[in-house]
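Those protein sequence lines, which keep their order, are chains W and L.
Each residue of the first sequence is one higher than the one before, counting from 334 in this note's numbering.
Each residue of the second sequence is one higher than the one before, counting from 334 in this note's numbering.
Think of the hints as simulated: they come from the structure by calculation, not from any bench.
Mixed in with the good hints, there may be bad ones.
Identical copies look the same in the list; a pair holds intra-copy or inter-copy alike.
[Unchecked claim] Once the Cα atoms are required to be at most 27 Å apart in a straight line, the calculated DSSO-like pairs of lysine-lysine come out as:
#1 K359 to K381
#2 K582 to K681
#3 K381 to K423
#4 K442 to K423
#5 K553 to K497
#6 K662 to K644
#7 K523 to K681
#8 K689 to K735
#9 K497 to K423
#10 K689 to K710
Model, not experiment: these values are computed from the prediction.
Number of protein chains: 2
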Amino acid sequence: MLKVLKFGGTSVGTLERIQNVANIIKDKKNDGHDVIAVVSAMSGETNKLIEYADHFSSNPASAEIDMLLSSGERVTSALLSIALNDQGYKTTSMSGREAGITTSDAHTKARIENIDVSNMKNAIADGKIIIVAGFQGVTNNGRVSTLGRGGSDLTAVAIAGAIKADLCEIYTDVDGIYTTDPRIEPKAKKLDKISYDEMLELASLGAKVLQTRSVEMAKKLNVNLVSRSSFSPQTPGTLITKEENIMEKPLVSGIALDRNQVRVGLYSVIDKPGIAASIFTGLADANVNVDMIIQTVGVDGVTDLDFTVPKTELDITKEVMARFENDAKNIDYNEEISKVSIVGVGMKSHAGIASKAFQAMADENINIRIISTSEIKISMIILEKYSELAVRALHEAYNLDK
Amino acid sequence: MLKVLKFGGTSVGTLERIQNVANIIKDKKNDGHDVIAVVSAMSGETNKLIEYADHFSSNPASAEIDMLLSSGERVTSALLSIALNDQGYKTTSMSGREAGITTSDAHTKARIENIDVSNMKNAIADGKIIIVAGFQGVTNNGRVSTLGRGGSDLTAVAIAGAIKADLCEIYTDVDGIYTTDPRIEPKAKKLDKISYDEMLELASLGAKVLQTRSVEMAKKLNVNLVSRSSFSPQTPGTLITKEENIMEKPLVSGIALDRNQVRVGLYSVIDKPGIAASIFTGLADANVNVDMIIQTVGVDGVTDLDFTVPKTELDITKEVMARFENDAKNIDYNEEISKVSIVGVGMKSHAGIASKAFQAMADENINIRIISTSEIKISMIILEKYSELAVRALHEAYNLDK
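Chain W extracted, bound-state conformation:
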C-alpha cells in the first residue's frame, strides 16, 4: 500500500517526539508499505516566527510571511529524514516546491492548484521514504507560499489524492473521532468509520483533529482519511470515507456541541415583502455565516425572526443589523445559547429520529429554541447552561455508549 501520513506540530514538538514519529514511519515501511510523510513545524516554532514578524510590522507583506513561516516545516522534514536515514532507511526530505505543489498566489492562504507527482513517484520507485514539508507550495511566480490554517492536513490529503495513495493517516494527539466530546460524556465511544458528510457535520467534534477544509478535499478527491494518534500508534483510529464504504450505517453517529453561536432575535418585524431577503443578503455581503433561521408569522401582519451567527462575527452582525433597526420593534442578541446536533447517515432512510431527540429534551425539561434539520443532521438551539445535560441525554437516548 502507498500511505500518506501526516504529523502535526504536537506530534513533532520535541526531538524525542520526532524520534517517535520516525518509529511509526519505520513500522509502516517494515510492514511493506510505501510511505510519504507530511510534517508540520515543531509546535511553538510558527508562533515564535510570527512574533518576530510582529516586532517589525503590524502588517507584514504576506509573501514575506510565507518565506518566514515555511522554514519551520523544512526543519522538521530534514530532521525526520536524518532520523530515519540513520536507522538505515533511504529517505529524502522535500519542500513543497520539490514535492511539485503549485498554488495560487494568495500568500498566507494559497490554494493548491496542481501537484506534479513525478518527483515523488521517482523517489518511491527508488525505495525512498519521502518527508514533505507541509503547509507550503510555490506560486507560478516561483515564490514560496503557505496554505493557511490546517495547511499541512491539506498538503497530505492533496498529495494522497494526486498520487492515488491507498490511505491518508492524520496523526494528532487524539486517537480518533468520538460519538461525542469525552470531556462531557465519559461514556463516549470512538467510531471505527464515519462518512465524509457526517464528519463535516460533526466538525465541532473533530475541529482540533481534522480541519473542515481537509475533509472537504478528501471527499472531493475520494481520499480515505484516518484520524489517529501518534502517541498511541497501536490504537486504530477512525476511518473517514465515502458512505458507500460503510456497510452498517448507524442511525446516529455522534452528538456535536457548538458553543460558538449567538442567537439574533428580531421581534415584531413589519411583514413587508423582501425584508428577510434584505437582511440575509446584507449579512452574506458582510461574510457573516448565518447558520439556523426560524421565522414565526404572527397574527397582525408582524413576524418574529430568529437566526444564529458565530460569536466571532457578532460585531459585524450588529453593524449590518443597525440598518434594519426601524423594521423591527426590537433586536436582541443572546450569547447564552448553544447548539446540539445529532448526526447520522442512517437518518436519511429512517423516520422518527427527531422525535426521540425532542422526547429526550422534554424529559430533561430543556426548552428547544430553534430546530433545523438536514438529511443527516438535527440541530437544536438550547440555553447554554443545559449543554452538557443535553449532550449526555442524547448520547444515551441513541444508545451511543453501546
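Fit chain L to the supplied structure of chain W, relying on the hints for placement.
Frame of chain W; chain L shown alone:
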C-alpha cells in the same frame, strides 16, 4: 551605485540588531544607491540546528543538513524584508534559488557554478531592495545546497561579481583590517586600503573578518570589497581591491601572527636522492599543508630538514612521518613556536625590507628558527613565548603606528 551588503550572524543576532541593519540599508537607499543585502542566520540558530541533527545521527546525510541549515538564512531575509517594507521601502526576500544561484552538488560544501542575475535585475529595476538568504544555492538536481564556512560572504562576493556591483561591503563586528592584532599591539592602525594579495597573506589578521575563500573570489571576479562594522556604520572600513587601485603602496601593510604551526625537525637525515621529495609527497597525499621548509646540508653526507605544519594536522603528520623513522637519526615536533609575517606589496620593489626585520629581532634577542620569503611577505618562525614582543617590535620597526 549598486552595492552588495553582507551582514553576518552577529550583525543580525537579535531583533534589535536586525532593525539596526535595516537602518544601515535604508541609509544606503536614501543616498541613492541600489542595494542587494545578503544575510546569514541569526547567530546561534545554525548551531542549534546542527545540535538537533546530531541528536538523530552522528553522520547525517549532507543533502538533509543543507535542507535543515538553509532555513536559518531564509528566516533572517524575510524578517529584514518585513522590517524595511514596514518603513515604506519596496523589498523582496530571495532564497539562493530565487537569486539564481546554482551550485555543484557537493552538499554542505557546494561551489557556486553560476548566478542567473535576471530575477535580481528585474527586482532592482522595480526599485526593490533585495534581501538574499546567504550561504545557499540549488544544485542542478533542484535540491537546496549550502556553501560551507564563510558561505554568506561567498554569496555576497559572487553576486557582486555576477551583477557587476560597484562595491561589496562585508559587515561584521570589527570595523576593518588593522596593521596587526590590536589586542597585541594597541597602537595598531586601521588600514584604509589593502590589496587582495596582501589580504590573503594577512589571513590571520582577517580570519574572523574575511574568509580567505571570499578574498580569493573577490580577486578573481575583480570585486571591490570593504570590511566594516554594522555596530559603527559611520566608521569607514578597509577597502580590499586590486593593487593597481592603490596609489600609495606602503612598504609594509601589516604584521600577522600565526600560532597554529608546529615545527617538525628531522636530524641527520641520510642524504640519499629523493628522500625530501618522498616526505613531502607523502604529506601532500595526506592533505597536510606544509608551510615553511628549510634544509641544512651537513658535512658528512647527512642533512637536517625542518618544516612547519598546522597544529590541527599534527596527528596525520606523525602517521606519515612514521614511515621515515629509519631515514633520520631522530624526528621531533615542537609546538612551542609561532610564525610572524611582515606583509606589504611595496616589498616587491624595495630591497632591505628583510634586514630591518632581522635587526628588530636581534635587538630583542629573539632567535629566528626558519625564514621564508615571498614577493610580498617575509615569515619567521620564532619561539612562541616571544610572539607578542616580536609583533610589537616589528610594528614599531616599520613605523606602522604612524
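Is the C-alpha distance from K359 to K381 at most 27 Å within one copy, between copies, in both cases, or in neither? between (31 Å within a copy, 26 Å between copies)
At most 27 Å between C-alpha atoms: does K582 with K681 qualify within a copy, between copies, both, or neither? within (10 Å within a copy, 94 Å between copies)
Is it within, between, both or neither when you check K523 against K681 at 27 Å Cα-Cα? within (23 Å within a copy, 86 Å between copies)
As a check of your reading, is K689 near K735 (CA-CA no more than 27 Å) within one copy, between copies, both or neither? within (17 Å within a copy, 100 Å between copies)
With 27 Å as the alpha-carbon cut-off, assign the pair K689 and K710 to within, between, both or neither. Classified as within: same-chain Cα gap 13 Å, cross-chain 98 Å, threshold 27 Å.
From the Cα coordinates, with 27 Å as the cut-off, is the pair K662 and K644 best called within, between, both, or neither? For K662 and K644, only the intra-copy Cα distance (23 Å) is at most 27 Å; the inter-copy one is 92 Å.
Within, between, both or neither, where K442 and K423 count as close if Cα-Cα is 27 Å or less: between (33 Å within a copy, 22 Å between copies)
One pair to classify: K381 and K423, alpha carbons no more than 27 Å apart. Within, between, both, or neither? Between copies, since 25 Å is at most 27 Å while 32 Å is not.
Alpha-carbon proximity context of K497 and K423, limit 27 Å: Close inside one copy (22 Å), not across copies (43 Å); limit 27 Å.
I want to check one pair: K553 and K497. Are their C-alpha atoms no more than 27 Å apart within a copy, between two copies, both, or neither? within (13 Å within a copy, 52 Å between copies)
Violated hints are absent here; each numbered hint is respected by the structure.
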